[in-house]
Amino acid sequence: MSTLQTNGTLLEVEDLRVAFAAGGREVRAVDGVSYKVDAGSTLAIIGESGSGKTVGCRAIMGLLPAGTAISGSARLRGTELIGLSDAALRKHRGSDMAMVFQDPARSLNPTMRVGAQITEAIRTHRKVSKSEAHAQAVELLRLVRIPAADRRFYEYPHQLSGGMRQRVVIAMALACRPKLLIADEATTALDVTTQAQIMELLLELQQELDMALIFISHDLGLAASYADEVVVMYAGKIVEQAPAKRLFGAGGTVKMRYTRALLDAIPHLERPAHTELPVVSGRPPDPTMLPPGCSFAPRCPSAADDCRTTAPGLIEHAQSHRWACWHPCENGGAA
Amino acid sequence: MALAQQIQLQDGTGARDSVRRVAGSPALRLAGRRLLAAIPVLIGVTFLTFAVMSTLPNETAQAILGLQATPGQVAALNHTLGLDQPFLERYWHWLITVLHGSLGTSIGGVSVNHELALHLPATLELLIYALVVSLALSIAVAVLAARKPNGIADRLSLAVSMLGLSIAPYAFAFLLIIVFAVKLNWFPVISGSVGTTPASFFKALTLPAAAIGFPLFAIYTRLLRADLVEQMQREDYIVTAKAKGVTPWNVLVKHALRNSMFTLITVVGLNLGGLVGATAIIETIFSVPGIGNDLLTGIGNHDVPLVEGIVLIFALVTVLGNLLADLAYAVLDPRIRYGNSNS
Amino acid sequence: MAIPIPDATLSTAAPPPLPSLVSARQLRAQRIGRALRLWVPAGILIAMLALCFLWPLVYQLPSPTNGNIIEAQEPPFSPGHWLGTDAVGVDIFSQLVYGGRVAFEVSAATTVIGMVIGCALGVTAGYVGGWTDAVISRVLDILIAFPALVLALVIAEGLGPSEMHVIWALAVFSIPAFGRVSRGATLVVRGLPYMVAARLAGTRGWKIIARHVLPNIMPGIVTFSLLGIGIVIILEGALDFLGYGIPAPGASWGSMIANGQQVLTAQPEYVVIPSIVLLITVVALNMLGDALRERWGVQ
Numbered sequence: 001m002s003t004l005q006t007n008g009t010l011l012e013v014e015d016l017r018v019a020f021a022a023g024g025r026e027v028r029a030v031d032g033v034s035y036k037v038d039a040g041s042t043l044a045i046i047g048e049s050g051s052g053k054t055v056g057c058r059a060i061m062g063l064l065p066a067g068t069a070i071s072g073s074a075r076l077r078g079t080e081l082i083g084l085s086d087a088a089l090r091k092h093r094g095s096d097m098a099m100v101f102q103d104p105a106r107s108l109n110p111t112m113r114v115g116a117q118i119t120e121a122i123r124t125h126r127k128v129s130k131s132e133a134h135a136q137a138v139e140l141l142r143l144v145r146i147p148a149a150d151r152r153f154y155e156y157p158h159q160l161s162g163g164m165r166q167r168v169v170i171a172m173a174l175a176c177r178p179k180l181l182i183a184d185e186a187t188t189a190l191d192v193t194t195q196a197q198i199m200e201l202l203l204e205l206q207q208e209l210d211m212a213l214i215f216i217s218h219d220l221g222l223a224a225s226y227a228d229e230v231v232v233m234y235a236g237k238i239v240e241q242a243p244a245k246r247l248f249g250a251g252g253t254v255k256m257r258y259t260r261a262l263l264d265a266i267p268h269l270e271r272p273a274h275t276e277l278p279v280v281s282g283r284p285p286d287p288t289m290l291p292p293g294c295s296f297a298p299r300c301p302s303a304a305d306d307c308r309t310t311a312p313g314l315i316e317h318a319q320s321h322r323w324a325c326w327h328p329c330e331n332g333g334a335a
Numbered sequence: 001m002a003l004a005q006q007i008q009l010q011d012g013t014g015a016r017d018s019v020r021r022v023a024g025s026p027a028l029r030l031a032g033r034r035l036l037a038a039i040p041v042l043i044g045v046t047f048l049t050f051a052v053m054s055t056l057p058n059e060t061a062q063a064i065l066g067l068q069a070t071p072g073q074v075a076a077l078n079h080t081l082g083l084d085q086p087f088l089e090r091y092w093h094w095l096i097t098v099l100h101g102s103l104g105t106s107i108g109g110v111s112v113n114h115e116l117a118l119h120l121p122a123t124l125e126l127l128i129y130a131l132v133v134s135l136a137l138s139i140a141v142a143v144l145a146a147r148k149p150n151g152i153a154d155r156l157s158l159a160v161s162m163l164g165l166s167i168a169p170y171a172f173a174f175l176l177i178i179v180f181a182v183k184l185n186w187f188p189v190i191s192g193s194v195g196t197t198p199a200s201f202f203k204a205l206t207l208p209a210a211a212i213g214f215p216l217f218a219i220y221t222r223l224l225r226a227d228l229v230e231q232m233q234r235e236d237y238i239v240t241a242k243a244k245g246v247t248p249w250n251v252l253v254k255h256a257l258r259n260s261m262f263t264l265i266t267v268v269g270l271n272l273g274g275l276v277g278a279t280a281i282i283e284t285i286f287s288v289p290g291i292g293n294d295l296l297t298g299i300g301n302h303d304v305p306l307v308e309g310i311v312l313i314f315a316l317v318t319v320l321g322n323l324l325a326d327l328a329y330a331v332l333d334p335r336i337r338y339g340n341s342n343s
Numbered sequence: 001m002a003i004p005i006p007d008a009t010l011s012t013a014a015p016p017p018l019p020s021l022v023s024a025r026q027l028r029a030q031r032i033g034r035a036l037r038l039w040v041p042a043g044i045l046i047a048m049l050a051l052c053f054l055w056p057l058v059y060q061l062p063s064p065t066n067g068n069i070i071e072a073q074e075p076p077f078s079p080g081h082w083l084g085t086d087a088v089g090v091d092i093f094s095q096l097v098y099g100g101r102v103a104f105e106v107s108a109a110t111t112v113i114g115m116v117i118g119c120a121l122g123v124t125a126g127y128v129g130g131w132t133d134a135v136i137s138r139v140l141d142i143l144i145a146f147p148a149l150v151l152a153l154v155i156a157e158g159l160g161p162s163e164m165h166v167i168w169a170l171a172v173f174s175i176p177a178f179g180r181v182s183r184g185a186t187l188v189v190r191g192l193p194y195m196v197a198a199r200l201a202g203t204r205g206w207k208i209i210a211r212h213v214l215p216n217i218m219p220g221i222v223t224f225s226l227l228g229i230g231i232v233i234i235l236e237g238a239l240d241f242l243g244y245g246i247p248a249p250g251a252s253w254g255s256m257i258a259n260g261q262q263v264l265t266a267q268p269e270y271v272v273i274p275s276i277v278l279l280i281t282v283v284a285l286n287m288l289g290d291a292l293r294e295r296w297g298v299q
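Residue numbers (this note's numbering), protein chains in the order written: chain A, 1 to 335; chain B, 1 to 343; chain C, 1 to 299.
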């Protein structure tokens, strides 16, 4: 994990809300989310599908389809991004803040050489000559540790392996040395070994370029290994938020039941053979029909009556550790 | 790319897959195979035409000898010309002659080759004119429409293309004549010869090309627009491009359009064959001296060699069109061209 | 005529909008729009069919073939002649009505023949595969490469113009079109998991085809056939226009246009009126096809 730089807050998200209408009903994909990302630090946003983790970040980048209702605030180094026109936002997209997506096979234009896709990222924001952009692109390919970079420049995406494609996508994202990189399930589509390689790469690059990294995932294990700060989302809301050190490892205290369940669901080598894996029962809730009270209550093993009637607020119960639970876990160390 | 899959499915031989692995210009091998496969089609078409035309009473000898000829003389000439042989023999004969480069002699006594050489240019000019303009316009309109789906430009393009698809070319031809030739007097009603100057070219061929091109424009526009919109809304690489900060216009043109071109080329190729009928009628209406015109007169005269020759050409065009459609993918799609070298 | 590619690409609708684009009010508007796009063309077609086939039974129309030269060139709304008469005194409205009969009869017959024979060939080719497929596909390729118009003209020339000959001639074009589409659709359906399961379970070929393949490809076939009817109507009109279709003095839209050609400069309406009617008919057919495709979710 990188050491926290004290250069101040890079991204400040406050009460972000994203809603859209589906079939005549309002769906609150993101329902009041707030967090801070310091320059050079790593934030992990963890959640199941439908939790709003992706939608929130896309809202910040301005990548949601028109007609979505976005409110709240997201300030990148003081500049308010929410409500900005697309033309203005485009100046930040790809230059100050960049995003890497899940499936590298589909994220790259299949009919365009990878080098050209990188130079496009460069020349969209900087006035450089074609040859200069070419040189920079090759440099970027080297930066993401792709061998024979000058040859690879001319290849098409399908000629590269999955891991290499993802590196290319990362190279594209880094083209203008962004201060913030958002990795949206960037390793989910890769095999485990490649996954680790890409995560390591991201961390190294973060150090080299002094970049803040938000990585979105459903894998709590990744958060434990790589993040400085962790945000757990459920049904559009943050349910637990704390520095990683506080949540994991020895003496770690995971408070919210959902986080606890996620943690328990990670298989461990030390468990005796043939024990049943604890799973989080049920399915993610239908965003158009959220229950009153805590959204997790239908699936929570320790749900009580007050859980079902009133939603717990996200309150900072302990030092820089917030959770939203009426009956949090007592000792939250990893089992 | 639903159409792409459909096309691939309609091709039944799976040749693409087996061919891809081999190094050294898989595209050429594919082309070779397709051409080979096209030969039976050409033979089949010409055979069928011959068979059908043979049911028509053959008046060649009569025409040559004139009205005063006795049945005896007609029969004698028929025998000399080999016109009383069973049609299989005649077809075989014709086939051999074709392979030697000659398309035979038409009823008027003129060599079919000569006749076609005289009139083919006009038809080619007409078709190329129609194709080029309709393609260019359709790309422009489709891109404008896809920029804002369900916006004004889009709805307009859909309405216009619906008209283009539904209107009969001959009806449209007359409407064009009424508006542009009669009322506005911009173009002549009868086109006549194409002439040698650009001005005469456009004057003669614009209305006929519009009549042929409008339905084509409609098909291309609809298809391209649907493909573009689908890409813009569904494909991940579009989101990546947006995330890079690329302007919406460039995303549409530099990314989505590139990928849609295959589908467009495929459709162009597949539709070439269907142009025969329209071309023939339009040429007749506007008196364009092309082979479509010849075709109709030939049928009226029971002129077997002439009709066969023209049908052969049109069938060739159809086959080449299909070939083009197939090859578009093989040659242009980098996924197929370069194969998988690493994964 | 340029023949549009079957299915996929001609749908008017943009892919269904992502949820965020739709508010409750917009949703209602969309629903109304969809209903209109289905029922308006359907209504037009039903009205036309009723007019062509039922109305003459109820109301005595002037003859569509014989005209009184005295009554030539009467304008619309003349007594006894709703749309006036043409250059030789034949009632225009009657010609439209009876010409419509011909158009619908020929196109319906051709399409049905094409559907039955073409789908039989195409489904067999698609389902069985192998040599059967190769042979059938070649035959279909040959038929498709054959200029539809030429064949029709030659048949008409040789056998003499008649409605039946036109139907058979156009069927030669219709059969391979359906063959190709049904073959393609069958290939798509064939690979679906539950189809494979059915085959593995030992279900006999016929049952699979009848119970699984046909119901699945039917929506696509039906929407294609609507498109096909439009094309055939246009082709049939072309034949009539050239004089090879319905024998004169029979009324048909194509022959109306041909006759009107003589007086194009002076009285353009003789060409314009049947052209517009032709246009409306085919537009209605195409719109209906599109709307059904939208409703049935055909690819």
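Be careful, since some hints might not be right.
Unchecked claim - When the alpha-carbon atoms are kept at most 16 Å apart in a straight line, the in silico EDC-like pairs for lysine to aspartate or glutamate are as follows:
#1 K183(B) with E269(C)
#2 K183(B) with D154(B)
#3 K254(B) with E235(B)
#4 K36(A) with D86(A)
#5 K203(B) with E125(B)
#6 K148(B) with E12(A)
Derived by calculation from the structure, the hints in this document are not laboratory data.
Verification of the hints:
For the hint pairing K183(B) with E269(C), the CA-to-CA distance comes to about 13 Å; that is within 16 Å, so the pair holds. Restraint check for K183(B) and D154(B): the C-alpha separation of about 31 Å exceeds 16 Å, so the hint is violated. This hinted pair checks out: K254(B) and E235(B) have alpha carbons roughly 14 Å apart, not beyond 16 Å. With a C-alpha separation of about 24 Å, the suggested pairing of K36(A) with D86(A) is violated against the 16 Å cut-off.
For the given pair, K203(B) sits about 13 Å from E125(B) by alpha-carbon distance, which is consistent with the 16 Å threshold. The suggested pairing of K148(B) with E12(A) is violated, with an alpha-carbon distance near 33 Å, which exceeds 16 Å.
In this structure, the hints that do not hold are numbers 2, 4, 6, in rising order.
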